[in-house]
Amino acid sequence: MVAPSAREVVLVLFPFSDLSQAKLRPAVVLANTDRARGDHVMCQITSNPYGDRQAVEITDNSFIAGSLNRVSYARPSKLFTANQSLITSPIGNLKPDFFNRLIESVVFILRSGVTQ
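First residue of the sequence shown? That's 10 in this note's numbering, and the numbers climb one at a time after it.
Keep in mind that a hint or two might mislead.
In silico SDA-like cross-links for lysine to any residue, where the CA-CA straight-line distance does not exceed 20 Å [unchecked claim]:
id: 1; residue 1: Lys87; residue 2: Ala45
id: 2; residue 1: Lys87; residue 2: Ile112
id: 3; residue 1: Lys32; residue 2: Asp69
id: 4; residue 1: Lys32; residue 2: Ala74
id: 5; residue 1: Lys87; residue 2: Val11
id: 6; residue 1: Lys32; residue 2: Val50
id: 7; residue 1: Lys87; residue 2: Arg34
id: 8; residue 1: Lys104; residue 2: Ala12
Treat the hints as calculated values from the structure; they're not laboratory data.
With the sequences and hints as input, model every part of the structure.
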């Protein structure tokens, strides 16, 4: 697979926070942190409507190309770095305005230290 770009939604083995397991799930590529090694900062996507105030709803209108099977939520408080080898397939590309809203949510969390 070609290295994904920021704004791309991919299927990736997402690690549990205690690193005990991983689950195949969609994620948004936020940044390519080390192209030589193939590392990317990603944001978890879930179809469960959590009470997370920073969660950003993803619909078909959020995409330039591709889509998810259902309305989903990007969780800006659930970030991780993953190597390209963990990415199984591309799903689509997000619109720039949607991606910018997601980045703003990540920045808010990092600046304030508040997730809910």
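- [ ] Would you mind confirming whether the straight-line C-alpha gap from Lys87 to Ile112 stays at or under 20 Å?
- [x] holds (13 Å)
TODO: Below or equal to 20 Å on CA atoms is what counts here, so check Lys87 against Val11.
DONE: Answer violated: Lys87 to Val11 is near 24 Å, above 20 Å.
Task: Holds or violated: Lys32 to Val50, with C-alpha atoms at most 20 Å apart - done: holds (17 Å)
Open item on the list: Next pair to validate is Lys87 with Ala45; report whether the Cα-Cα distance is within 20 Å.
Closed with: Since the Cα atoms of Lys87 and Ala45 sit roughly 24 Å apart, the hinted pair is violated (cutoff 20 Å).
Task: Straight-line alpha-carbon gap Lys32 to Ala74, limit 20 Å - done: Not OK: Lys32 and Ala74 at ~24 Å, beyond 20 Å, violated.
Open item on the list: Between the alpha carbons of Lys87 and Arg34, is the straight-line distance 20 Å or under?
Closed with: Holds, at about 13 Å.
TODO: Mind checking the alpha carbons of Lys32 and Asp69 for me, to see if they're no more than 20 Å apart?
DONE: The hint is violated at about 23 Å.
- [ ] Would you mind confirming whether the straight-line C-alpha gap from Lys104 to Ala12 stays at or under 20 Å?
- [x] Given pair Lys104, Ala12 holds - Cα atoms ~19 Å apart, limit 20 Å.
Hints 1, 3, 4 and 5 from the list above are not met by this structure, while the remaining hints are.
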